[in-house]
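Protein chains: 2
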Amino acid sequence: MSLKHFKARDFEEWEKGYRINFFNSLGGFKSLNLIGTKSKSGLSNLGTFFSVMHVGANPPLVGILFRPTTVPRHTLQNIHDTGYFTINSVPESILFEAHQASAKYDEGVSEFEQIGIAESWNAGFPAPYVQNSGIKMGLSYVEHHQINANATTFLVGKVEECLINETALSDDGFVDHTLLDNLAVNGLDTYYKAQTVRKLPRAKVETKKES
Amino acid sequence: MSLKHFKARDFEEWEKGYRINFFNSLGGFKSLNLIGTKSKSGLSNLGTFFSVMHVGANPPLVGILFRPTTVPRHTLQNIHDTGYFTINSVPESILFEAHQASAKYDEGVSEFEQIGIAESWNAGFPAPYVQNSGIKMGLSYVEHHQINANATTFLVGKVEECLINETALSDDGFVDHTLLDNLAVNGLDTYYKAQTVRKLPRAKVETKKES
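First to last, the protein sequences are chains R and S. The numbers in our numbering rise by one with no breaks, and the one at position 197 of the first sequence is 197. The numbers in our numbering rise by one with no breaks, and the one at position 184 of the second sequence is 184.
Please keep in mind that the hints were generated in silico from the structure rather than gathered at the bench. The reader is advised that the hints may include incorrect statements.
Which copy? The list can't say, so a pair holds if one copy fits it or any two copies do.
Derived pair list, reagent style EDC-like, types lysine to aspartate or glutamate, alpha-carbon separation capped at 16 Å [what the hints assert, rightly or not]: (1) Lys199 - Asp171; (2) Lys16 - Asp172; (3) Lys193 - Asp181; (4) Lys204 - Glu107; (5) Lys199 - Asp176; (6) Lys193 - Asp176; (7) Lys199 - Glu12; (8) Lys4 - Glu206; (9) Lys40 - Asp81; (10) Lys204 - Asp106; (11) Lys104 - Asp10; (12) Lys158 - Glu143; (13) Lys40 - Glu107; (14) Lys193 - Asp10; (15) Lys199 - Asp172; (16) Lys104 - Glu206.
Let's have the full structure, built from the sequences with the hints guiding it.
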């Protein structure tokens, strides 16, 4: 296997676009999600996120990384203002629209309307969901941490409710995203379908490889 | 589409294993990585991680979430002690071994040896790499944040060097993990191959959907 070796000096010498593509794809596949919020003035907002992370099961916590706040970040601002947001999985049928939600729309315009993604509301929950998503979480703000090294924000939310297409829910609680054609992503723009290779039993020290 | 609605009270009433499976899989696909470290006493350590996150391209930063430190976390301890670690992608050929690295091996035992994953060293870098990985990063510790809500730790590292199988590297800097059979994961135990659906041009407000 021929491996190419890059060092810090190479990273600095690379053209900006090359460096962005490289480091956005280096770590591998990510989940693709749409985050729905409502502004103080009642406007619905939708953003594409590749940075949703499992933080804990009890209490149920999810983390999201937000880019530096040097340009307006409507999603982050709305979460701070209202305390609530939704995370929605993206099936292949709305890939174009989901990707489009990463464009920089003007303030005062709902991305749901502009992009053509239907929004839906669940009684009692104060943020908008994506109607055509099969796995949706409604979350409340818990805490956030500023990453000093590059002014990004790691925000943690608590799952207050879920809406799940029953097709995806296994008897043991596992949520199978492949059964709803939900997508993964890498880099800035490359979307993937996933195909199950294997489900393995819990790893124990004494487990031996099957021949 | 029939959606099942779960609320906070349901989450609390679920059996623990069901709740763990549910919330570990709810957010969708994750990258699968092995993290290599060296202890103060010079012992190599290897751990399976599903929580590697892109934090920034310039400087190149990566985030990892660590479970609560209520039980010994060798990887986290070694990073604090030595300041360095490696992140290694997992091709299908070493899936069993990678999964096995999540078992709780005793202290004083190198997981590389116990599991049968060959370790490799790159001159001048003070943490061990996985030999059969085609995408490897060598990182230095930058900062960490304690998540108050559940005592997990979000740690940020800086990419100091990379070793990449040239097969995976596109002309624009994009690293294509599918070309090396690297895996994604969801839940605690379900591994996936990815298949490219589409690479889309950068989203602009004026972009129209192709018919």
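Now for the hints, and whether the structure bears them out:
Taking the shortest Cα distances, Lys199 and Asp171 sit within 16 Å of each other inside one copy (15 Å), while across copies they are farther apart (35 Å). In this assembly of identical chains, the alpha carbons of Lys16 and Asp172 lie at most 16 Å apart only when taken from different copies (10 Å versus 46 Å within one copy). For the identical chains of this complex, Lys193 and Asp181 are neighbours both inside a copy (7 Å) and across copies (14 Å), given an alpha-carbon limit of 16 Å. Proximity of Lys204 and Glu107 under a CA criterion of 16 Å is satisfied inter-copy only: 15 Å between copies versus 53 Å inside one chain copy.
Taking the shortest alpha-carbon separations for Lys199 and Asp176, only the intra-copy value of 12 Å comes in at or below 16 Å, while the best inter-copy value is 24 Å. Taking identical chains as interchangeable, the C-alpha atoms of Lys193 and Asp176 lie at most 16 Å apart whether they share a chain (13 Å) or sit on different chains (14 Å). With identical chains, the CA atoms of Lys199 and Glu12 are never at most 16 Å apart, being 41 Å at best within one copy and 26 Å at best between copies. Taking the closest pair of Cα atoms, Lys4 and Glu206 never come within 16 Å of each other, the shortest separation being 36 Å inside a single copy and 39 Å across copies.
Only within a single protomer do Lys40 and Asp81 lie at most 16 Å apart by alpha-carbon distance; the minimum there is 6 Å, versus 46 Å between protomers. Only between protomers do Lys204 and Asp106 lie at most 16 Å apart by alpha-carbon distance; the minimum there is 12 Å, versus 53 Å within a single protomer. Neither within a single protomer nor between protomers do Lys104 and Asp10 lie at most 16 Å apart by alpha-carbon distance, with minima of 31 Å and 38 Å respectively. In this assembly of identical chains, Lys158 and Glu143 lie within 16 Å of each other by CA distance solely inside one copy; the values are 9 Å within and 24 Å between copies.
Taking identical chains as interchangeable, the C-alpha atoms of Lys40 and Glu107 lie at most 16 Å apart only when both belong to the same chain, with a minimum of 13 Å there against 52 Å between chains. With identical chains, the CA atoms of Lys193 and Asp10 are never at most 16 Å apart, being 33 Å at best within one copy and 31 Å at best between copies. In the homo-oligomer, the alpha carbons of Lys199 and Asp172 lie at most 16 Å apart inside one protomer (13 Å), although the nearest pairing across protomers, at 34 Å, exceeds that limit. In this assembly of identical chains, Lys104 and Glu206 lie within 16 Å of each other by CA distance solely across copies; the values are 10 Å between and 53 Å within a copy.
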